[in-house]
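> One line per chain: the protein sequences are A and B, in this order. 1 is the number of the first residue of the first sequence in our numbering; add one for each residue after it. 1 is the number of the first residue of the second sequence in our numbering; add one for each residue after it.
Keep in mind the hints are simulated off the structure, nothing from the lab. A portion of the hints provided could be inaccurate.
Reference listing, derived: stretches of chain B covered by chain A, where coverage requires no fewer than 3 residues with Cβ under 8 Å from a Cβ of chain A [said to hold, decoys possible]:
1) 36 to 45
2) 91 to 103
3) 244 to 250
4) 285 to 299
5) 325 to 333
6) 336 to 348
Examples of chain B residues toward chain A, derived with CB under 7 Å [said to hold, decoys possible]:
7) H144
8) I147
9) R148
Even for Gly, the Cβ is constructed at its ideal location relative to N, Cα and C.
For reference, the chains in residue letters:
Number of protein chains: 2
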Amino acid sequence: MLHISKRAQEMPASAIRKLVPLSDAAEASGVTVYHLNVGAPDIASPACALEAVKSRAEELHHVSYTNSAGLIELRRGMVEKYYKPLGLDITTAQLLLTVGGSEAFATAMQAAAGPGEEIIVVEPFYTNYQTYAFLNGITLKAVHSDIREGFRVPDISAFEALLTPATRAVLLSNPCNPSGKLFTREEMLKIGDFCRRQDLFLICDEVYREFCYTDEPYFSALCIPGCEQNVIIVDSVSKRYNLCGSRVGCIVSRNEEVMACALKYAQARLCPPLLGQYAALGALDTPASYFKEVRDEYIRRRDCALEALNAMPGVYAPMPYGAFYTVAELPVADAGDFAKWLLTDFRDGNETLMVTPAASFYKTPGAGDSQVRIAYVLELPRLRRAMELLQKALTEYGKCQKR
Amino acid sequence: MLHISKRAQEMPASAIRKLVPLSDAAEASGVTVYHLNVGAPDIASPACALEAVKSRAEELHHVSYTNSAGLIELRRGMVEKYYKPLGLDITTAQLLLTVGGSEAFATAMQAAAGPGEEIIVVEPFYTNYQTYAFLNGITLKAVHSDIREGFRVPDISAFEALLTPATRAVLLSNPCNPSGKLFTREEMLKIGDFCRRQDLFLICDEVYREFCYTDEPYFSALCIPGCEQNVIIVDSVSKRYNLCGSRVGCIVSRNEEVMACALKYAQARLCPPLLGQYAALGALDTPASYFKEVRDEYIRRRDCALEALNAMPGVYAPMPYGAFYTVAELPVADAGDFAKWLLTDFRDGNETLMVTPAASFYKTPGAGDSQVRIAYVLELPRLRRAMELLQKALTEYGKCQKR
């Protein structure tokens, strides 16, 4: 009998996207679904980004391949606009353009580890790390950070306890998707010191770097002294400029071996998308006022969502200081079942909402079973309505469960 | 000591792109390089494709993610324009959009085989198949087709001889990159029959389908009777519409397991590029006259290149009937060294050319050592000049070798 490969059968489906067929079905039947499930903001891309696409398309003879590492002018621009402001003298040779942040972390993981090797992650973590680990035969080992402690990073002893001869890297996102946790300078220095002492790569996914809600300056892993050879950065234009669909990201490292490896991977897939690179090029001219407005808007949304969540009986969500997500503990035993039920059964005024069950953001069995990730990416009136729907749904679901 | 993973170290560099730093250096020093090394045509994209990008960018609020499977209107359009004309009733559920043809064949290979398993390829084959096989721990076993026999497909006994319990698929490109070989209906039926009998997937890379230079109608693997569950098609808008940089391709199969697997892979990388999908959507309106003109142009280029090549002493290249490549045997012992020398040493009027050494298109040791792949993707005057350069280079290289 003809079957797909064992590995393909065993590959986990995206926890974030696997409910999509159910929401498609709800929407097809006329139901309005409030999408709090994906980090797909509804904020306008900078006008200069779209303008650049238009004017380049106007002049274009044909949509050609670019260099596998991406357009040199865009690499230069990102060095200038992304890394100079952090006080960093990154060169274009240390920055390679990827097909979104997804390819950047896939590449970073492949550079750091191979089949049978291990990467330490801080849980909860972005679920696609698990997918790419699986595809490459890499095992993720998780240091647990707890929702009830505001996802504080545990002592280094927790990292040390996971060390084996096969450990190759530590991987984290800062600000963190899904928790919204912003790592402190001290936490980063501690982790950096651990990586340096143990000869591990430190893969730091910084795609939400523009979304920090404290007055502290952002502390990039690239700024950890003595960790120059260890650090691999994952970055993207997606969130920064609301250009998610452009599929342009980058991998940054001062480690020459890593960059040579990244180029080999890049050559296999030929090049990043040209038109998305044009959008990113245009976006480099985005005025500071754009970022301020976006940041202010997210602070309003965050405050709205967090206040509403923590006012719901039995719900707890710690204040996120970065990104546009929060993890919330709900008064349900199985948040996966609840999320499904929202799409298949719950309706209020022919409306419902979609959230992401958090279990797949954890390696520790049971750790996230009652939790969901909420992306506060809707404008305020819609976000308020979504929160109202969630409250009603929890009440109704509670009644159903008791029956 | 900190080092990249063993697998990353061992990963082969792209044979097609690894000479790029040398050509960059030559160009930086003011030398004109005629690029016969990549299948990057210089033909204009259809006006309707660029127009669509412009008008969509005009109206766009933000560049958002799309469904992981791609825009449904584009999937419908491709079903209609790509597969209906072949007499096929493919559904949108049987077609998933990918990040270029590269992702489509990576996905197809992953669906068919896993670590420790094997795929039979017909050599010479597109070198990136080897890269993705390596990354997935898959072994390629090669059936040899010979340049001196016009790359005729050997008897099925040659395929049978490679069968092991780990064999999962046959993989080929038709028309073939790099040889320009167009598989006959009979050859496809024979291979299809073999796959059906042995329960193997038949992965057929048909990205050059629009570039056939015979009067026979193209025979897609999807048309092989009884092979409905076995066939996985790799397709792309890149070559068809001169939209290489748009990074939009697709994977097509009637096998539900394969498509469910393709969706899991697709969800991990979120979505294909939106702006490229807009270009592809616009391209669906490309008039038939465009394809006729492009085809006529490639026939002229092919004839020009092949006549020139076969007139050079010691050079042999069989007539290609599809795609825009030919493999040529040169009077050199090491075509890799020759290709490098072209970029580093050879100059004629401060010009040189770039070709791809063919060794990496073969698994059989030594099989392609004297051969290069030539992409006849330049307009006629430049192609003629490139051929003149090649002839002069061969003469000069011959003299250098004798010294």
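> Of the numbered hints stated earlier in the document, which are not met by this structure?
The structure conflicts with hints 4, 5, 6, 7, 8 and 9, although it agrees with all the remaining ones.
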